[in-house]
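> Chain residues, written in single-letter form:
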Amino acid sequence: MIVADRKPIQEILEMVKDYERVLILGCKGCVTVCNVGGDKEVGILASILKIARKKEGRPLEVHERTLERQCDPEYIDQVKDQVSQYDAVISMACGVGPQFLSEAYPQQRFYPAVNTTFFGGALGHGVWVERCAGCGTCLIHYFDGLCPIARCSKSLLHGPCGGSAKGKCEISKDVECIWDKIVRKKMEEGRIEDVTRIRPAKDWRTARDGGPRKSVREELVQ
Amino acid sequence: MRLNYPSSVKVIQIPCTGRVDILHLLKAIEDGADGVYVAGCLEGECHFLTGNLKAKKRVQFVKKALKEAGVEPERVEMFNLSAGEGPRFAEIAREMADRIKSLGPSPVRMKKAA
Amino acid sequence: MNDLKSGSNLEKILRAGHFAFTGECGPPKGANVKHLKEKVAHLKGKVDAVNITDNQTAVVRMASWAASTILIQEGVEPNFQMVCRDRNRLAIQSDILGVYAMGIRNMLCLSGDHQSFGNHPQAKNVYDIDSMQLIALVKKMRDEGKFINDEDIDAPPRLFLGAASNPFAEPFEFRVHRLALKIASGADFIQTQCIYNMERFREFMKRVVDMGLHEKSYILAGVTPMKSVGMAQYMAKSVPGMDVPDSLINRLKGAGKGKAAEEGIKFAVEQIEEFKEMEGIAGVHLMAIEWEHMVPEIAERAGVLPRPEVS
Numbered sequence: 049m050i051v052a053d054r055k056p057i058q059e060i061l062e063m064v065k066d067y068e069r070v071l072i073l074g075c076k077g078c079v080t081v082c083n084v085g086g087d088k089e090v091g092i093l094a095s096i097l098k099i100a101r102k103k104e105g106r107p108l109e110v111h112e113r114t115l116e117r118q119c120d121p122e123y124i125d126q127v128k129d130q131v132s133q134y135d136a137v138i139s140m141a142c143g144v145g146p147q148f149l150s151e152a153y154p155q156q157r158f159y160p161a162v163n164t165t166f167f168g169g170a171l172g173h174g175v176w177v178e179r180c181a182g183c184g185t186c187l188i189h190y191f192d193g194l195c196p197i198a199r200c201s202k203s204l205l206h207g208p209c210g211g212s213a214k215g216k217c218e219i220s221k222d223v224e225c226i227w228d229k230i231v232r233k234k235m236e237e238g239r240i241e242d243v244t245r246i247r248p249a250k251d252w253r254t255a256r257d258g259g260p261r262k263s264v265r266e267e268l269v270q
Numbered sequence: 062m063r064l065n066y067p068s069s070v071k072v073i074q075i076p077c078t079g080r081v082d083i084l085h086l087l088k089a090i091e092d093g094a095d096g097v098y099v100a101g102c103l104e105g106e107c108h109f110l111t112g113n114l115k116a117k118k119r120v121q122f123v124k125k126a127l128k129e130a131g132v133e134p135e136r137v138e139m140f141n142l143s144a145g146e147g148p149r150f151a152e153i154a155r156e157m158a159d160r161i162k163s164l165g166p167s168p169v170r171m172k173k174a175a
Numbered sequence: 022m023n024d025l026k027s028g029s030n031l032e033k034i035l036r037a038g039h040f041a042f043t044g045e046c047g048p049p050k051g052a053n054v055k056h057l058k059e060k061v062a063h064l065k066g067k068v069d070a071v072n073i074t075d076n077q078t079a080v081v082r083m084a085s086w087a088a089s090t091i092l093i094q095e096g097v098e099p100n101f102q103m104v105c106r107d108r109n110r111l112a113i114q115s116d117i118l119g120v121y122a123m124g125i126r127n128m129l130c131l132s133g134d135h136q137s138f139g140n141h142p143q144a145k146n147v148y149d150i151d152s153m154q155l156i157a158l159v160k161k162m163r164d165e166g167k168f169i170n171d172e173d174i175d176a177p178p179r180l181f182l183g184a185a186s187n188p189f190a191e192p193f194e195f196r197v198h199r200l201a202l203k204i205a206s207g208a209d210f211i212q213t214q215c216i217y218n219m220e221r222f223r224e225f226m227k228r229v230v231d232m233g234l235h236e237k238s239y240i241l242a243g244v245t246p247m248k249s250v251g252m253a254q255y256m257a258k259s260v261p262g263m264d265v266p267d268s269l270i271n272r273l274k275g276a277g278k279g280k281a282a283e284e285g286i287k288f289a290v291e292q293i294e295e296f297k298e299m300e301g302i303a304g305v306h307l308m309a310i311e312w313e314h315m316v317p318e319i320a321e322r323a324g325v326l327p328r329p330e331v332s
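Protein chains in written order, with the working numbering: chain B, 49 to 270; chain U, 62 to 175; chain F, 22 to 332.
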């Protein structure tokens, strides 16, 4: 899913410093799964903001609501009678949410409470890691289900580079060298030819490099 | 045991500190408590195995959040003791009450309009 | 025997079967041409070509192409380095045409250290293509006269094409295969990362020779003299892909206070002597970064002077 981290409280406080009445909108999608913007986290953020503003002597009225998702017009629609009642609305959804809201309600101000980071999955409770860079031309099957575009710091297609040591990437001991993994697997399974052949340069047009993207299912468009 | 502990401490009983939620602690501060602490079993002796460890992490989270909001993180604390340690219970209560006294009233308490 | 690919001095020396000896110089962290010329002056006549690094360790320095051009003006043959970290395929091909037009004839293709190492970690990551694809690209430009998109080049660049090899990165068993791929992609010559673990390197070279790679490409062994115990310890601990045996660190310590540098030079000279006789090694690449003034002495003691002249 899409993974995000909550912005520092000071940054969020700065966003709403001129306001007295705000709505925090959570999302039951990805941000709930990575425990940063669901119902619970909305409640926690609301409490923290109220505490901070009470301390300043300028109380903030905070209302809370969590939508099914913030990436579908039918759910964005559900707040149409509410949004105008606030000085501003804080969205805890990924970067998509505040944008959909802004487009649907151009008269209102929407603020992102989280920094959206990557597409990933859980390694265990409370830990998520990046797995996909959304390059638009998936080739993980060439590398035994391991993606060098997303997981190699240099997105090499002929790794590992000379900086790989003890299975770790040169940039940090906390980052595994995916090429070390790929190559060891290929060697173990006697398929070293898969990684000793030259692959053509990647066509980045299908990635964000080619410009903002659109995906259409012709069979569903009305 | 009929030991004394400060009357400023209000006790809320729960089956396990693992039941304590981040919001419970935040709301306490939000609603004007000068301090809130969680008293759980000794580590390794939780009746429900890991409840007190979860509580410890949640207390850490709340301390950090309070710091970001400009409130002293010392107002929230985690303590561990066994159910039979009556004197320790009272001691903790005194310790926390003293700490809060020196910190002063919570800055969150409504300021009178100027 | 084929025609020379580039006609560079380095290529001619290797072709003639001489033991090659190349040096290295980092460009200044500014436009200080005087400082660059001073460093290069030490190397003139002592080496067959001088590598000019490209924003080494992701620290911004004068562009390799510019410094290389200055070297040509000073009568020293440059070995222009290019990393994949900072430029996309447009800039890469454009720069290759440019350097060739300016008289550069040797090029080393590298991936480049990640920008998080350097002084501009906030920069956007490029890595449009990797070093393997870069080698193939240069070969295509030179031998097919085509850009990577198959369009014709108006006067193709004829560069002597090099690549780097790190025998000590992991997995060790794979390094020789990756080297083979670089050679198959078009590398005419190889310069290795600096070597300290001679035993492991001998093992690596045995595999290289077994695979016949030394006959397809000229392999130059990398040597960096240790200046101090501190340097050895730093490299052992903090530089990824570097193998510094404890025996070397102890040897430097044992030399006594103030004598470690001399011991480091002694070790480097011993290495060069061994490389001269080692099967599969066509030369040595001496990286005495910020120690260029010591190169003449090291070259003298290693018995590689005078450098041969090949027409």
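In case anyone wonders, no lab produced these hints; they're calculated from the structure. All values reported here derive from a predicted model rather than from experimental measurement. Glycine included, each C-beta is placed from N, C-alpha and C at the ideal position. One thing to keep in mind: the hints can contain errors.
As the list claims (entries may be wrong) - Just some of the chain B residues that point at chain U, by a computed CB distance under 10 Å:
(1) Lys88
(2) Gly91
(3) Ser95
(4) Arg101
(5) Lys102
(6) Val131
(7) Gln133
(8) Asp135
Stated by the list, open to error - Heads up, simulated SDA-like pairs for lysine to any residue below, C-alpha to C-alpha not over 25 Å straight-line:
(9) B:Lys103 to U:Lys115
(10) U:Lys117 to U:Asp92
(11) B:Lys214 to F:Arg179
(12) U:Lys115 to B:Ile92
(13) U:Lys118 to B:Asp222
Claimed, not checked - Here are a few chain F residues that sit away from chain B, every Cβ distance over 10 Å (derived from the structure):
(14) Leu25
(15) Lys58
(16) Met83
(17) Arg110
(18) Ala112
(19) Phe138
(20) Asn146
(21) Ile150
(22) Ser152
(23) Pro178
(24) Glu194
(25) Gly262
(26) Ile270
(27) His314
(28) Met315
> Which earlier hints turn out false for this structure, listed by number in ascending order?
The structure conflicts with hints 6, 7, 8, 9, 11, 17, 19, 20, 21, 22, 24, 25, although it agrees with all the remaining ones.
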